[in-house]
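Number of protein chains: 2
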Amino acid sequence: MPTEQLATSHFALETVDVPEVADGEVLCRVLWMSIDAAQRAWLQAATYRSAVKVGDTMPGFALAQVVESRCAEFAAGDIVSGDLLWQDYVVAKPQDLTRIVPKRPLSNYLSALGITGLTAYFGLLDIGEAKPGETVVVSGAAGATGSLVGQIAKMRGCRVVGICSSPEKQEWLTSELGFDAAVSHRDDSFRNALREACPDGVDVYFDNVGGTTLDTVLGSMAYRGRVVCCGVVSQYDTTNPVRGARGVPGVLIVKSITMRGFLVMSDFADRYAEGLAALEGWLDDGSLKVREDILEGLETAPEGLIGVLNGTNIGKRMIHVADPS
Amino acid sequence: MPTEQLATSHFALETVDVPEVADGEVLCRVLWMSIDAAQRAWLQAATYRSAVKVGDTMPGFALAQVVESRCAEFAAGDIVSGDLLWQDYVVAKPQDLTRIVPKRPLSNYLSALGITGLTAYFGLLDIGEAKPGETVVVSGAAGATGSLVGQIAKMRGCRVVGICSSPEKQEWLTSELGFDAAVSHRDDSFRNALREACPDGVDVYFDNVGGTTLDTVLGSMAYRGRVVCCGVVSQYDTTNPVRGARGVPGVLIVKSITMRGFLVMSDFADRYAEGLAALEGWLDDGSLKVREDILEGLETAPEGLIGVLNGTNIGKRMIHVADPS
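In order, the protein sequence lines correspond to chains A and B.
With positions in the first sequence counted from 1, the corresponding number in my numbering is that position plus 4.
With positions in the second sequence counted from 1, the corresponding number in my numbering is that position plus 4.
Do not rely on the hints blindly, as some may be mistaken.
Said to hold, decoys possible - Negatives, chain A to chain B, calculated, CB over 10 Å: (1) Leu47; (2) Asp60; (3) Pro63; (4) Cys75; (5) Lys107; (6) Arg160; (7) Thr178; (8) Asn196; (9) Asp211; (10) Thr220; (11) Ala273; (12) Glu278; (13) Ile298; (14) Gly311.
Said to hold, decoys possible - Only pairs whose alpha carbons sit at most 30 Å apart, straight line, appear in this in silico BS3-like list of lysine-lysine: (15) A:Lys135 x B:Lys259; (16) B:Lys158 x B:Lys293; (17) B:Lys107 x A:Lys259; (18) A:Lys57 x B:Lys259; (19) A:Lys97 x B:Lys259; (20) B:Lys107 x B:Lys158; (21) A:Lys293 x A:Lys135; (22) B:Lys135 x A:Lys259; (23) A:Lys135 x B:Lys135; (24) B:Lys293 x B:Lys107; (25) B:Lys259 x A:Lys259; (26) A:Lys158 x A:Lys107.
In short, the hints are calculated from the structure, not lab data.
Since this is a predicted model, take the numbers as computed values, not measurements.
C-beta atoms are modelled at their ideal positions from N, C-alpha and C, and glycine is treated no differently.
Could you build the full structure based on these sequences and the hints that come with them?
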């Protein structure tokens with residue numbers, strides 16, 4: 005497992021036979037692969053799943069089409085999503101797949117209508133309990149989840165401040181997505197800019213990055229603020245991880261702050277239908293804008309992941325592998 | 005403000021005139037002074053109150069008797085509690101005092117029937133949401149708050165494990181207070197002993213100490229566990245504070261853990277009557293045991309506080325200054 009910064013040299017592309025399908029399984033053709041910073045964390049150690057080891061094929065969430073079914077649940081031609089592999093063809097068990105009947109472009113089912121959108125929806129509204137009039141700050145604001153969090157918060161009637169890493173992203177967040185302000189954590193004036201953008205303190209901080217950005221926002225929380233712990237992208241690909249969030253737990257006590265981690269797949273699986281209905285409605289009426297950052301071809305996945313870790317993407321990064329037949 | 009370990013040489017005892025009472029104020033004779041580890045934190049920096057500066061008289065929660073009243077709300081002879089000073093006589097404003105009509109020994113109104121008891125009650129049940137059958141771990145378990153937390157958790161039907169600092173305290177917790185297990189954070193086997201005492205993981209960790217003890221318990225949390233951030237005693241009196249809780253926020257995400265800070269005075273002031281009724285009932289029927297660690301005389305307050313920071317107390321430390329007239 006790489007302990008240094010992830011590089012394309014850590015990956016190898018191999019050509020092998022299409023896998024055999026046993027009774028009760030299905031053979032899937034991968035169409036779209038989701039690229040998620042968490043995949044780098046899987047290489048570090050066991051998380052909510054076992055660690056990915058040297059020699060393993062990289063796992064990842066993906067959309068696929070069933071090409072051969074040897075089970076009753078799926079038929080050839082079905083579109084499915086699931087935790088698959090960075091491969092053209094994957095054999096899967098039916099219980100690990102979800103059928104999709106697409107009403108919108110297929111790629112949307114990896115962005116606003118996938119784990120990403122559900123994470124933004126339940127994380128902001130249920131974990132963060134964002135209320136109208138409150139100040140919501142989101143980091144990784146121009147990323148897949150953050151860009152949706154900010155827009156949902158605006159619809160909820162919140163003041164929304166995005167933390168991102170470049171003037172281009174700041175411009176996109178405020179001009180296109182309607183954020184009230186956007187600040188860059190790479191600016192020397194980050195701490196002051198954040199304070200100025202949040203004159204009444206931060207009620208909800210949706211944290212995708214951890215590290216020193218989290219430390220800084222913790223210093224600006226309002227009484228009874230909530231920190232939604234969604235990701236720690238700043239710490240997945242570094243040789244010098246920070247020890248932990250500065251001042252925790254003392255900083256939580258003096259302002260009665262809640263920090264809450266969650267995984268949408270374990271915590272909200274029974275409420276996906278509710279979340280998807282809301283997200284689909286917002287996409288259909290144009291109130292939620294989704295931006296997808298698409299690379300072409302299975303072989304681009306390693307550079308696609310490295311880019312996400314360095315913040316080169318705007319919106320949801322994904323890999324287009326094939327079109328459905 | 006002392007940056008090294010607190011010593012009695014940081015304090016000076018002065019004899020001054022009894023203060024004058026202005027219109028609308030009351031003159032109080034201090035009877036009992038509460039000693040709280042948080043008082044050391046007040047010397048470090050602004051917390052939920054302004055920092056205590058060199059030359060200031062040490063503030064502290066206390067019970068007192070009104071000796072002269074120049075307001076309508078109180079009369080000479082009334083017993084009151086409030087945020088007063090380490091002084092024999094203190095002038096106070098009526099809005100800063102609460103009248104007490106004692107039904108039990110006066111000292112109980114600084115322990116089980118004071119901020120300490122209310123902190124244990126609301127912290128465990130409301131912030132920690134402890135449920136029957138769950139495993140509750142409490143640090144500072146032989147201290148004022150911890151010893152009540154564990155007993156309330158037992159009454160709630162939880163498995164209760166105390167973390168303390170000596171075999172004597174371990175014995176008291178399991179033999180006298182009915183804890184299921186007690187482990188010492190000073191033992192080399194602390195981590196393993198905690199794991200063995202919590203085979204299903206920790207559902208609620210009531211944290212009074214922070215530091216490396218918090219790090220250790222965070223490694224043993226159960227899915228959807230709650231960390232009640234009540235105090236950080238390990239960090240109030242050290243020249244080498246730890247940077248923050250190790251692995252936060254990542255460790256919160258992978259197990260959907262909530263960390264929540266609170267201050268009973270700001271968060272639950274409107275529910276004191278409920279808490280006090282429960283606590284008083286438990287004291288009256290003998291289901292809650294209260295142990296008070298009493299030093300005699302105003303001049304013992306500095307050593308009393310230093311002792312609390314070093315864990316020499318068992319139960320609630322307080323200073324007996326005078327008896328009511």
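Status of the hints after comparison with the structure:
1. Leu47: holds, 14 Å
2. Asp60: holds, 19 Å
3. Pro63: Holds, since 16 Å exceeds 10 Å.
4. Cys75: Per Cβ check, A:Cys75 is outside 10 Å of chain B; nearest 30 Å; holds.
5. Lys107: holds, 31 Å
6. Arg160: holds, 21 Å
7. Thr178: Per Cβ check, A:Thr178 is outside 10 Å of chain B; nearest 27 Å; holds.
8. Asn196: holds, 19 Å
9. Asp211: Answer for A:Asp211: violated, closest chain B Cβ roughly 6 Å.
10. Thr220: holds, 13 Å
11. Ala273: holds, 12 Å
12. Glu278: holds, 19 Å
13. Ile298: holds, 27 Å
14. Gly311: holds, 22 Å
15. A:Lys135 x B:Lys259: Given pair A:Lys135, B:Lys259 holds - Cα atoms ~26 Å apart, limit 30 Å.
16. B:Lys158 x B:Lys293: Distance of about 12 Å is within 30 Å: holds.
17. B:Lys107 x A:Lys259: Violated, because 34 Å separates the two Cα atoms, which is more than 30 Å.
18. A:Lys57 x B:Lys259: holds, 22 Å
19. A:Lys97 x B:Lys259: OK: A:Lys97 and B:Lys259 at ~26 Å, within 30 Å.
20. B:Lys107 x B:Lys158: At roughly 25 Å apart (the allowed maximum being 30 Å), B:Lys158 and B:Lys107 satisfy the hint.
21. A:Lys293 x A:Lys135: holds, 21 Å
22. B:Lys135 x A:Lys259: Holds, at roughly 26 Å.
23. A:Lys135 x B:Lys135: holds, 28 Å
24. B:Lys293 x B:Lys107: Distance of about 16 Å is within 30 Å: holds.
25. B:Lys259 x A:Lys259: holds, 24 Å
26. A:Lys158 x A:Lys107: holds, 25 Å
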